[in-house]
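K.L.:
Here are the chains, one letter per residue:
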Amino acid sequence: MSTPEESERELRPAESAVDYDAVEDLLGDRAVGRETHSNAEAFEIRPDEVQEVLTLLKREAGFDHLSCLTAQEYEDRYESIYHLRKYDDPTQEVGVIVPTPRDEPVHESAEPVYRTADWHEREAYDLVGTEFEGHPDLRRILLPETWVGHPLSKDYDKEQPQVVTLEEHKNPLAEDHRNRESDTMMLNIGPHHPATHGVLHLKTVLDGEQVVDVEPDVGYLHRCEEQMAQNGHYRHEIMPYPDRWDYSSHYPNEHAYARAVEDLADIEVPEYAKVLRTMTSEFGRILGHMLAVGTFCLDIYGDFTAIFMYSMMERDRVFDICEDLAGARMMPNYFRVGGVAWDLPEPREDWIEKVRNYLDGLPGRLEELHDLISGNEILQERTVNVGIIDPEVAKQYGCTGPVARASGIDYDIRRDDPYSYYPELDWNVVTRDAGDNYARTLARLGEVEESARIIGQCADLLEDWPEDERTIQSNVPRTLKPPDGKETYKTVEASKGELGIYMRSDGTAKPARFKIRSPDYHNLHALPEMAEGEYVADLVAALGSLDIVLGSVDR
Amino acid sequence: MSDSEDQHIEKRSPGRGARTEGGSQLGNRFNSRLREAFGSSPFILTKFDKFMNWVRGSSMFMLQFGIACCSLEMMHSYTTKHDLDRFGAGVPRASPRQADVIIVPGTIVSKFAPRMKRVYDQMPEPKFVVGMGNCTASGGPFQKGYNVVKGAEEVIPVDIQVPGCPPRPEALIYGVAKLQERVANGESAPVVVKPYELERFGDLKRDDVVEELSDRIDEETLVMQYNWVEGNTP
Ligand code: SF4
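Protein sequences appear in the order of chains A and B. The opening residue of the first sequence carries number 1 in our numbering; numbering runs sequentially from there. The opening residue of the second sequence carries number 556 in our numbering; numbering runs sequentially from there.
Calculated directly from the structure, the hints in this document are not laboratory data. Please note that the accuracy of each hint is not assured.
List of simulated lysine-lysine pairs, DSS-like, C-alpha gap at most 25 Å [as the list claims (entries may be wrong)]:
1. B:Lys672 / B:Lys602
2. B:Lys672 / A:Lys481
3. A:Lys158 / B:Lys733
Some but not every residue of chain A turned toward chain B, in silico, with C-beta under 10 Å [to be verified]:
4. Ile189
5. Pro194
6. Arg329
7. Gln396
8. Glu534
9. Val536
Beta carbons are placed, not taken as given, at the ideal position from N, Cα and C, and that holds for glycine.
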């Protein structure tokens, strides 16, 4: 059993170090305007210079990570914002704004510069209606292809009846194989299939047992999360929804919304609440990773055997603790704007004792899991050197979280763009170099250990916290109305990777635009890179090792 | 076996009193020709239908079918701590062709609804549906969503509805146990055509109904039409 390599990168100062004037000089007269967003400066550019500007920023200024693309419609124009940052330092951010006229929302595609823009632009086209020139395959991604209208645009007709078809899926390679004796076979995996971890559809073309082509088809769980958030009040009505994005880990998602809205409305969070937030987020990470490891092994071994049962038991143990704190197993809705909902249950000592008991038992149980997983020859045969993704390719697709870290990309928002109580605690970022299925699984198990360390430190802090300073919420106005026209894009490290939220306020109590950047969406986009050319069984393994949650992919 | 036999025999006897006092009555019953035929080996008298219902209810094969958040609680119901298998409704089957029960655990959206219908259609009859969570009751927290079908009833007939968001494993187990009880008592008749569909074709014979319905399905393109304001039910 190899030990995870732990990186000791120093904590960076939180303030951004981008020299925006230099960026402006670099862009020259391609920058037609400049705006200040709450997270970074943003430059306005012309619709036909998108590729040029992004290439410049990527090559010359080092912005190698297209974190998100937000498309939105204003009264007088459409607007796309490319949120760029650096894998080396996510605090270095810049926005690129492309305004287009209302009657012709068309601009150049960013796909040739950043591969990940492919799906982003399809989503923007699908939901908002912006069109992208030069995009390789601009069609709907989340909604059925027969859908009429773009639901997040202003003139969408909600009452429009819709027709959904179930077409027979044609072999996408058929026309390349005129030969009747062609060996390829089209195989639909999903949308109902035990190995797709929910409702994902993989259009797969096989040559014998090898995968020639695989195209993930998403949208079978598109629950309109962005619309839901845009219809909710900041103060209480949005927080329940993040629980349901990545429904395997809950708390880190709530953290994402909390971080974004607190930035938008300038709210301070009491230190004590920060500790509670950090602690629950790490419990959430354990929940997520345990599900990932359990179902991955379920895919590899194909039955409800020990590993799956053990990891589900581990989740039940965590649920048990968190339920005492937050009041629910799943969907805790524990975070509040400006703090958390509850203090520790009384008697505090008992609860902390419970946490300590859990942590004391964890190393032994992890050891057991390691015996079953990393020490297991069958599993190694199936996973080592299979489903490899190179760091450079992973960056192209915007991969983050354990998927990126298992490919040697040392990137963790908790450390690189510190928030909450993380900077005060002592823990490591787990990275591995191999980039295969095995490395991803071990990276997750390694992270569970680190999460346990963080939880342990939080438990100590909570125990010794002076009684009269236990403030769990700061003062937040009952109706929260952030200043008009403020925009922000904030991310946190969820269990699957970088979870970001873009919000724009228009002076009312509801966000004017709410955009979710989900890590799973990007990780899944990279699946063809891992699976093409491999055996179909390894496609299933690669998918399992990506650990996608469809609620978060489709939102 | 012998326990259940006793129960059955006891149920069929006129009452405890009869047994103790009327020796001759008892003798008659136990010296019946059946008893002669079976000798001393134990036997049960029951209706075949009743027996089948009991069998059906005691061994339910669930479809391994995950949609959204609720499916995690469903997985927890299957695994060690809650262990649905204790109630004879355990091991999930991966293929709809081997399953009796489909638990619908989550939000159904437009793109998935026709697929779910197809999965349901592939299950052999008799088949039963447990709607898990508020999403399958009404669309739950996402009811106002432009893309969300307002409840599983819009697509397939639901036998038992377990409310909650998500329901705890205990609640799901209660729901499944209720279903088993209904099945075992023969209360839950498998519904193939929704009531309103029957009404519409009320003047046709059963064969005509099937023909009429299958004529309307284009084999190439199975089309689901959905009215987002009213829902599907007229
Ligand atoms: S009822 Fe709640 S938990 Fe269940 S699928 Fe719907 S939103 Fe998720």
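K.L.:
If a hint holds in the structure, say so; if it does not, say that too.
P.N.:
Tested hints:
Distance hint between Lys672 (chain B) and Lys602 (chain B) is unfulfilled; the C-alpha atoms sit about 34 Å from each other, more than 25 Å. Between Lys672 (chain B) and Lys481 (chain A), the direct Cα distance comes to roughly 44 Å. Violation of the 25 Å bound is thereby established for this hinted pair. For the given pair, Lys158 (chain A) sits about 38 Å from Lys733 (chain B) by alpha-carbon distance, which is inconsistent with the 25 Å threshold. Nearest Cβ of chain B to the Cβ of Ile189 (chain A): about 13 Å, over the 10 Å cut. The hint is violated.
Here the hint on Pro194 (chain A) is kept, as its CB sits about 5 Å from the closest CB of chain B, short of 10 Å. The interface hint given for Arg329 (chain A) holds, since its Cβ lies 6 Å from the closest Cβ of chain B, which is under the 10 Å cut-off. Nearest Cβ of chain B to the Cβ of Gln396 (chain A): about 28 Å, over the 10 Å cut. The hint is violated. The interface hint given for Glu534 (chain A) is violated, since its Cβ lies 22 Å from the closest Cβ of chain B, which is over the 10 Å cut-off.
The interface hint given for Val536 (chain A) is violated, since its Cβ lies 16 Å from the closest Cβ of chain B, which is over the 10 Å cut-off.
In terms of the numbered hints stated before, the structure departs from hints 1, 2, 3, 4, 7, 8, 9, listed from lowest to highest.
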